[in-house]
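Given these sequences and hints, build the entire structure.
Same order as they appear, the protein sequences are chains A and B. Sequential numbering from 722 applies to the first sequence in my numbering. Sequential numbering from 3 applies to the second sequence in my numbering.
If you are wondering where the hints come from, they were derived from the structure by calculation, not from laboratory data. All of these numbers come straight from a predicted model, not from anything done at the bench. Treat the hints with caution; some may be incorrect.
To be verified - Which bits of chain B does chain A cover? Going by a derived footprint, with three or more residues having C-beta under 8 angstroms, they are: (1) 50-64; (2) 94-106.
Stated by the list, open to error - Okay, the calculated beta carbon distance ranges per label pair: (3) G765/A - A101/B: 13 to 21 angstroms; (4) P735/A - I17/B: 41 to 49 angstroms; (5) S20/B - Q827/A: 30 to 38 angstroms; (6) T749/A - N37/B: 30 to 38 angstroms.
Even glycine gets a Cβ: it sits at the ideal position worked out from N, Cα and C.
Listed below are the residues making up each chain.
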Amino acid sequence: EVLLQQSGAELVRPGSSVKISCKASGYTFTDYYMHWVKQRPEQGLVWIGRINPANGNTVYAEKFKSKATLTADKSSNTAYMQLSSLTSEDTATYFCTRSRFAYWGQGTLVTVSS
Amino acid sequence: DVVLTQTPPTLSATIGQSVSISCRSSQSLLHSNGNTYLNWLLQRPGQPPQLLIYLVSRLESGVPNRFSGSGSGTDFTLKISGVEAEDLGVYYCVQSTHAPYTFGAGTKLELK
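Structure, rendered in structure tokens:
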């Protein structure tokens with residue numbers, strides 16, 4: 722069974738950074754891209770970018786190029802997303818999702834507040 | 003970026019009614035490899051999205067066959083043949099032909 726297990730909710734200060742994890746199981750981690758998606762409260766889905774865990778190659782949406790950094794650790798089958806210079810606009814639930822959007826993590830709520 | 007326009011934004015239906023959702027793209031979603039990477043997702047309240055349809059019309063494993071997808075190029079449709087209570091939520095189309103990948107704004111399916 723394919724599972725994507727994300728790290729827990731985060732409460733962070735404006736201007737700081739946060740790193741979210743997504744641990745994959747039930748398939749060969751390096752065989753599929755991992756995507757990250759943002760959803761602000763009561764709003765739609767926004768694609769942040771994707772990483773190829775086999776070689777670390779990344780593609781980002783333009784608006785997230787200076788906000789998000791995607792990495793992957795093949796030894797632990799875990800994908801990561803670091804968000805920097807956080808503002809209230811970054812308060813959202815973030816999802817990891819495997820290629821084809823067939824499997825999703827449960828989401829990680831990041832709340833930016835002083 | 004590719005813009006996906008979903009209509010209607012809200013849909014009210016009775017149990018058993020058949021409904022359709024439209025997704026129109028600002029450019030063709032036909033990839034140079036011959037595939038059209040247009041998927042449909044359902045997000046129930048408090049849940050991550052669930053894949054229903056991929057490659058325009060292919061039913062994801064485990065998804066009831068009352069869901070069907072059709073279309074080509076820039077115009078796509080999701081049809082639910084006989085709405086059931088578990089179908090309520092927000093439906094999204096998403097394209098992965100052109101980076102950055104983009105989602106439609108969503109269609110909320112409610113009970114009438």
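Hints, one by one, checked against the model:
no.	hint	result
1	50-64	holds (count 6)
2	94-106	holds (count 9)
3	G765/A - A101/B: 13 to 21 angstroms	holds, 18 angstroms
4	P735/A - I17/B: 41 to 49 angstroms	holds, 46 angstroms
5	S20/B - Q827/A: 30 to 38 angstroms	holds, 32 angstroms
6	T749/A - N37/B: 30 to 38 angstroms	violated, 22 angstroms
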